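Since the structure of chain A is provided, determine the placement of chains B and C on it from the hints.
Protein sequence lines correspond, in order, to chains A, B and C.
Using our numbering, you'd call the opening residue of the first sequence number 7 and step up by one each time.
Using our numbering, you'd call the opening residue of the second sequence number 166 and step up by one each time.
Using our numbering, you'd call the opening residue of the third sequence number 705 and step up by one each time.
Hints listed in this document are in silico derivations from the structure and should not be mistaken for laboratory results.
The model shown is predicted, which means the values in this text are computed figures rather than measured ones.
Some hints could be false.
Claimed, not checked - Calculated cross-link-like contacts (lysine-lysine; reagent style BS3-like; alpha-carbon spacing at most 30 Å):
id : chain 1 : residue 1 : chain 2 : residue 2
1  : A       : Lys17     : B       : Lys559
2  : C       : Lys880    : A       : Lys285
3  : C       : Lys847    : A       : Lys154
4  : A       : Lys285    : C       : Lys847
5  : A       : Lys285    : A       : Lys180
6  : A       : Lys154    : C       : Lys880
7  : A       : Lys214    : A       : Lys180
Claimed, not checked - Negatives, chain B to chain C, calculated, CB over 10 Å:
id : residue
8  : Asp188
9  : Arg192
10 : Val199
11 : Gly330
12 : Leu332
13 : Ala381
14 : Arg420
15 : His573
Even glycine gets a Cβ: it sits at the ideal position worked out from N, Cα and C.
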Amino acid sequence: MSDTTRRNLLKGAGATLGAAAFAQAMAPLTKWTADLSFDEFLQKHYKEFTREEMAVVLRRLEEKTEREYGRKVSIQDLPPQEGVSFGYALNLSICIGCRKCAEACHQENNHDRRTGNSYIRILEMEQGSLDMERGTAFYDHDVPAPGKYYLPVQCHQCDNAPCVKVCPVQATWKEQDGVVVVDYNWCIGCRYCEAACPYHARRFNWTKPEVPADEINPDQGYLSNRIRPQGVVEKCTFCLHRTRAGRLPACLEACPTGARVFGNLLDPQSPIRWVLENKRVFVLKEELGTLPRFFYFFDK
Amino acid sequence: MSASRHLFAYLRFLGRILWMSTDGSWRFYTWMVVLTAIALVGANAWAQQLAQGMVLTGMSDHVSWGLYVANFTFGVGLAAGAVMMVIPAYLYHDKEMHDVTLVGELLAVAAIVLCLLFIMVDMGHPERAWHLIPGVGRFNWPVSMLTWDVVVLNGYLLLNLHVCGYLLYMRFLRRKPRKRWYLPFVFLSIFWAISIHSVTAFLYSGLGGRPFWNSALLAPRFIASAFITGPAFVIVLLQLIRRFTGLPIGEGPQRTLTSVMRVTVLLNLFMLGSELFTALYTGGAHAGPVRYLFFGAHGHHGLVPWIWTAVVFNVGSALLLHLPASRRHVWVLNLACVLAFVGVWIEKGMGLIIPGFVPSTLHEMVEYTPTLTEWKITAGIWAFGLMLLTVAVKVALPVLSGRYASPHAREAEAAPGSSSQESPGGERQPAA
Amino acid sequence: MDNVLPTRLLCLLVALSWCGCNRDAPRQLQPPPGPPTGVETVLVPEKLTSIESDEKDALGRPLRVPCATCHSLADARPMPSRPEQLQAFHRGLQFRHGELSCTSCHQADAPRSLHLATGQALPMTEVMTLCSQCHGPQARDYKAGAHGGMTGYWDLSRGGRTRNNCVSCHDPHTPKYAGAHPVMAPRPPLPHSEARAHE
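Looking at chain A on its own, in the form it has when it is part of the complex (with noise of 0.2 Å):
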């Protein structure tokens, strides 16, 4: 009897050893469960979402970036425009690799300022092959080099998506113009559709990003630039917050040698479909069947 005493109260104080460890093991949990709101923990995915519903979200997430980035900023979610669907184009020829259109993807998209993150990389290739394993995105020195093309990569907002294909919560999805779209705010941070993507067009956030407050671009999208939450995949937009404005995305008004041709495929007078329709173009790894919505194109 007194020996099962002593052995019980010998286990209790095991598990309370252990309860006291796990709970000291768990600790750094508490900073991250702090940032966690409990509106943020069950909201609802995007599609399910009203206008109504969305304008709280929006104001939440508005003034989470004011107190943790101290920049006021606007985040917007506006719908694709009926009779729109968004084709890009980029005339091989005319790109220098200069990384203007990486750079303006940088400012634009609110990229992590550490990492020096861009949805764009630009590969200088050898003239002559389109063999990737060829060329390397690790060049530095005056551009263009001498036997050298430049081939910038980015999201191919593909119809045939196959990181839409291989989301298991449907986090990412095309929508009605062609854009390919992420909810930060469902996505379970699996990093599947990044290993499914076959054009290195999915980016995601191993940390919180850090952007100083006053190079915070304020002008954001739910869909698009607003800043990403630690953990989750992010991946190039055709900057909708701005082309679903109207606008051109930014990193086609950076390039300083006008390579990069956008708009609406549905417009028969647009300049894309002046490219499709009259210049020898083609999509990178098409035996693939991934119909990509951005085009590569040569001019000689």
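Same frame as chain A, but now just chains B and C:
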């Protein structure tokens, strides 16, 4: 007998055996304390990773999956491999195997929990896991292979929990299990075991942008390697059980499992060779990852030591298993099992997940090395899995062998149970 | 009979997966683009009306001197045929533009304006018409919106856009695009080095 009465009685039974599991020798306590300590280190590392972000891992946008997914993949194989005990026991009526099949099923349970934990720690937002619940979240089924994996893994977990729980409970009550309540589930679990590993392979092989994975041979390879690791683990486990519990376990299961392994190690090597031939002889994009994996490419050699270790281990285990000595000396067999286990762990983990990302889809060479955080979490999860398995086996065996049975067993069953030794834990339980 | 259960579970799963999608709130799209009301403005770069001098302003930018400062004088010297012959203000002008001579584009006796191949006079600001005489494919692409870069609105019903002039990017005397040093210097692919240092 009403269902609700059974439900409560069953829960009480679970509580009792769990309480019972807290009793043990000093060896048991030491083992559990060590595992607990490792698991806590892992838990702490995970908490930090969650707070500071996945930046603490070695993963990047180029190599977006690493050690966690590698271990997940391996764990699924371990779970599926347990079916190699079920098939002989239930399909070929191997009596001796039948007696220990439960060990395999418990291993499956522990392995699936291990897999789920590895997925959990790989997620950027584990608190959003409810988005995966059909009807509540938005379950992208049937389009996403990952949702299939969620279904099959949880299904397999439930199947095995049910079969183990039901058989143990019946044994506890000293009643003959009714076939209709477990046999269909056992047979279902055989197909299910194949499906969990096929679906896990399809996760990777369905990605057109990753030539290294985009191979129809991936699922067969997964199955073959699963039938190496499962039996290898069980062979060693059965010996440990016999040693520590004195339970009379015949040589039969070990012989059967060894025979299975003799075939599967060769099959696995053959399929690996086929993959290598196809990739290297063809050349081009498909050869890139293989070249990097085995020989290094563009000045990067991070995986070369890993994969050659795996090759040496796998070939070594195949040779050992086919030596007559493996039949005479159990240490040779055990060495072969350990080699096979580690070999497949590398081949299916670091040797399979990482080369899928190197070179990247834009053919960039960005290497991956797991960080200390990743190793801590990985070790923690394995320790937790082993704890689970230890407890499960520890409580299941006395029930299974009839040493521990319900005090009311005699009323519940017409045939009198003969030697019902009550463990002291069982007596006290109703008060708790 | 026992197979009913899995079938039922499967049906349940299907039903649940579908009911997740039916909760979508109806969505109001934006109206389609209307008729184009925005204007396309073509830039008129400073270099069409002025030239850099050696002097710098307070910010270190070269001071520009309007062409008219010199060329409004009645007796401007006659234009040489090759740039090497320039002795005074335009000295050092780099010229790499095929076999052209100064007077191929400039009017020898009216340096503030240009002339087409037909001899017809053209104000400096209309330089694009001049370029288009030889560079047909570029002019065609430009007209279609596929050459030259722009800022503003793709949707002309919502706003205008500003388009580059030929001479915004190409110096007519050395028209080959100058190139640049790339911005956003490449970083080591792993963004984690500093966070990892904590370990």
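| query | Taking 10 Å as the cut and beta carbons as the points, is Ala381 (chain B) off the interface with chain C? | reply | 26 Å, holds
| query | Does the claim that Arg192 (chain B) lies off the interface hold, with its Cβ farther than 10 Å from every Cβ of chain C? | reply | 34 Å, holds
| field | Proposed proximity, Lys154 (chain A) with Lys847 (chain C) (alpha carbon, max 30 Å) | value | With Cα atoms ~28 Å apart, Lys847 (chain C) and Lys154 (chain A) stay inside 30 Å; holds.
| request: With a cut-off of 30 Å on the C-alpha distance, tell me whether Lys880 (chain C) and Lys285 (chain A) pass. | output: 22 Å, holds
| message | Checking one constraint from the list: CA of Lys17 (chain A) to CA of Lys559 (chain B), max 30 Å. Satisfied? | response | 17 Å, holds
| said: Over 10 Å from every CB of chain C: does Gly330 (chain B) meet that, or does the non-interface label fail? | reply: Gly330 (chain B) clear of chain C: closest Cβ-Cβ about 16 Å, beyond 10 Å.
| Outside-interface status for His573 (chain B) - nearest CB in chain C farther than 10 Å | 28 Å, holds
| task | Examine each Cβ of chain C, and state whether all of them lie more than 10 Å from the Cβ of Leu332 (chain B). | result | At about 16 Å from chain C, Leu332 (chain B) clears the 10 Å cut-off, so the statement holds.
| task | Compute the least Cβ-Cβ separation between Val199 (chain B) and chain C, then decide whether it is above 10 Å. | result | The claim stands: Val199 (chain B) keeps its Cβ more than 10 Å from every Cβ of chain C (closest is about 23 Å).
| request: For the pair supplied as a hint, Lys285 (chain A) and Lys847 (chain C), confirm whether the alpha-carbon distance does not exceed 30 Å. | output: Holds, because 14 Å separates the two Cα atoms, which is no more than 30 Å.
| request: Verify the proposed pairing of Lys214 (chain A) with Lys180 (chain A), using a straight-line Cα cut of 30 Å. | output: 26 Å, holds
| query | Within 30 Å, alpha carbon to alpha carbon, are Lys154 (chain A) and Lys880 (chain C)? | reply | Between Lys154 (chain A) and Lys880 (chain C) the Cα gap is close to 16 Å, so the pair holds against 30 Å.
When held up to the earlier numbered hints, the structure conflicts with none and fits them all.
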